[in-house]
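Could you put the whole structure together from the sequences, leaning on the hints where they help?
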Amino acid sequence: MINSETTILSMKPRSTPYFKLLLVITASLVAFVVLYMILGKKGESSQPSAINQSEKLNSEPVIKPSVNGVYSYTDNSAELEIVVSDNHWSGKTIMKSGFGNAYDEQNAIRDNGIVKEGYLYDDSGMVKIGNVSDGYLYTSVGQNSVTLRKM
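Mapping to full-length UniProt numbering: the sequence shown position 86 is 86, numbers consecutive.
Hint data in this document are derived by calculation from the structure and do not stem from the laboratory. All C-beta atoms, glycine included, are put in the ideal place defined by N, C-alpha and C. All the pointers check out, no bait thrown in.
In silico PhoX-like cross-links for lysine-lysine, where the CA-CA straight-line distance does not exceed 25 Å:
hint: 1; residue 1: K64; residue 2: K116
hint: 2; residue 1: K128; residue 2: K150
hint: 3; residue 1: K92; residue 2: K128
hint: 4; residue 1: K116; residue 2: K92
hint: 5; residue 1: K150; residue 2: K116
hint: 6; residue 1: K150; residue 2: K96
hint: 7; residue 1: K150; residue 2: K92
hint: 8; residue 1: K128; residue 2: K64
hint: 9; residue 1: K128; residue 2: K116
hint: 10; residue 1: K64; residue 2: K150
The calculated label-pair distances, taken between Cβ atoms and stated as ranges, are:
hint: 11; residue 1: G69; residue 2: R110; range: 17 to 23 Å
hint: 12; residue 1: N68; residue 2: D111; range: 17 to 23 Å
hint: 13; residue 1: I63; residue 2: K116; range: 18 to 24 Å
hint: 14; residue 1: P65; residue 2: Q143; range: 29 to 35 Å
hint: 15; residue 1: A27; residue 2: I63; range: 51 to 57 Å
What follows is the structure in C-alpha cells.
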C-alpha cells in the first residue's frame, strides 16, 4: 500500500541545473525588457537637453542662399528667362521660329506667379511650375524638362 506522504514527496518537481539556468535567463530577459521600456531608446528624447539648447544658441546660424536672381536657358529652339524676387517670379519664353528675332520677341510667352520655400507656382498658388536649388531653376516647357542657370 502507498501511503499519502510518499505520493506527495514523489510528485515534487526535481530541481535540475538546466531548470535553474532557464529561470536565470528568463529573469534576465524580463529585467532587460523592463529597463528598456523605462529608459527608452537612446537619442529619442522629445525634449532637447539644456546642453543642446546652449549649443544651438552659440552656433553659427545656417544661412540659406537667396533664390532671388535672373535664371536663363538658351538653345537652338527656345530662350527662357525667369526672374525670381522674394515671393514672386516672372518669366518670358521665346520659341525660335526662324522668322527672325523681332517676330519671335512679339510672340514671346510671358507668365508670372508666386514663390514659396523655393518652389515656383502659378499665380493661383495651386499649380507647381518648378523649383530653385543651388543656383539652378528646374521647370518644364511642354513635355521637356529644362534647367535654367542663375546669372
